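**Q** Protein sequences appear in the order of chains S and W.
Residue numbers for the first sequence follow the numbering used here, so the first one is 1 and each next one is one higher.
Residue numbers for the second sequence follow the numbering used here, so the first one is 1 and each next one is one higher.
A couple of the hints might just be wrong.
Capping the alpha-carbon separation at 20 Å, the derived lysine to any residue pairs in SDA-like fashion look like this [unchecked claim]: (1) 34/S - 82/W; (2) 12/S - 35/W; (3) 56/W - 149/W; (4) 34/S - 22/S; (5) 12/S - 13/W; (6) 12/W - 29/S; (7) 12/S - 28/W.
FYI, nobody ran anything at the bench for these hints, they're computed from the structure.
Since we're looking at a predicted model, the values are computed, not measured.
Protein chains: 2
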Amino acid sequence: MLLTTRAYYCEKCGTPMQRAIPPGENALRDVCPKCGYIRYFNPIPVVGTVATYEDKVLLARRAIEPRYGCWTLPGGFMEINETLANGAVRETIEETNAKVSIIDLFTVFDSCSSNNISFFYRARLDSPEFSPTSESLEVRLFAEDEIPWEQLSFQTVRLTLQAFFEDRKKGSFTVHRFSI
Amino acid sequence: MLLTTRAYYCEKCGTPMQRAIPPGENALRDVCPKCGYIRYFNPIPVVGTVATYEDKVLLARRAIEPRYGCWTLPGGFMEINETLANGAVRETIEETNAKVSIIDLFTVFDSCSSNNISFFYRARLDSPEFSPTSESLEVRLFAEDEIPWEQLSFQTVRLTLQAFFEDRKKGSFTVHRFSI
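All chains, full assembly: derive it from the sequences and hints.
**A** Shown next as structure tokens:
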């Protein structure tokens, strides 16, 4: 089986890679015996939004695996040459066609057993305009008592929504950190 | 010139890659015409600490490029299968041989022009024991008025130290976000 965190060939010169501990390091890496290229695998940042219009939160129903058909906060992999907030805005457009203004960082998730770290930003919908995209079956605004808690996509989405409604009741928002 | 954010050969099967927009996406990627593998490049998380013993902050003088010889907060690239905080502790050991206890996330840096996102955690040295490693020429505790501001390694280090001393004066720490 091909492993996602293994490089079998050098992506720079095409030579079969070897497993070795590079000089000055202490972990096995995939290293090119010809050109010396070392392939590092690092956690990938995921960015998304808790975007509201009036008192309602924007969710999308996933048209892609994993968790096809589940409701999610809009989000996805951060690209190079963008900030976390830029990425969160871009992913929100890609999944909901909604234009949002970022307010602030809200939740940070890391994990020993996942290769992602996730960031959700609080945001405001500029207007109540949104629609499904190739990545979503349905897009909707939900009041707190309408959230489909049993049909949410990921733990990060559930914890972010819970923290959001709790902070909103308190009347002040902070940055929440979770190791999951 | 070989670009760091380009894959010229498939790291799974060794076939020369092609530039293409994968179905359902809107950006050019390096795609394998044989096995279909898509090579994504994402920002890489960097993790470090602002570690104190009594009122002093731990800095290391870099024994590696870039910024060889400059003073830095201990930090480096996050590995897969660790949390941000675990990575910050590990990097602190690797650069200073100091064991630290994490207090909380302190600064978050992103950028449109760098492929890193950086995170510094406030931490405490368990004891005033530290020493240079293969990555550091010198390791020292600095009081606020001793910080070598003109010989610091990176903007992230300077901004983190500034925010740290400001928050300490105020008597309360928050999570600071910077787009640099």
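**Q** Does each hint fit the structure? Answer for all of them.
**A** Hints and how they fare:
1. 34/S - 82/W: The hint is violated at about 30 Å.
2. 12/S - 35/W: With a Cα-Cα distance of about 17 Å, the restraint between residue 12/S and residue 35/W holds, given a limit of 20 Å.
3. 56/W - 149/W: Measuring from Cα to Cα gives roughly 15 Å; hence the hint holds.
4. 34/S - 22/S: Between residue 34/S and residue 22/S the Cα gap is close to 14 Å, so the pair holds against 20 Å.
5. 12/S - 13/W: holds, 13 Å
6. 12/W - 29/S: This hinted pair holds, its Cα atoms lying about 15 Å apart.
7. 12/S - 28/W: At roughly 18 Å apart (the allowed maximum being 20 Å), residue 28/W and residue 12/S satisfy the hint.
Checked against the numbered hints given earlier, the structure breaks only hint 1 and satisfies all the rest.
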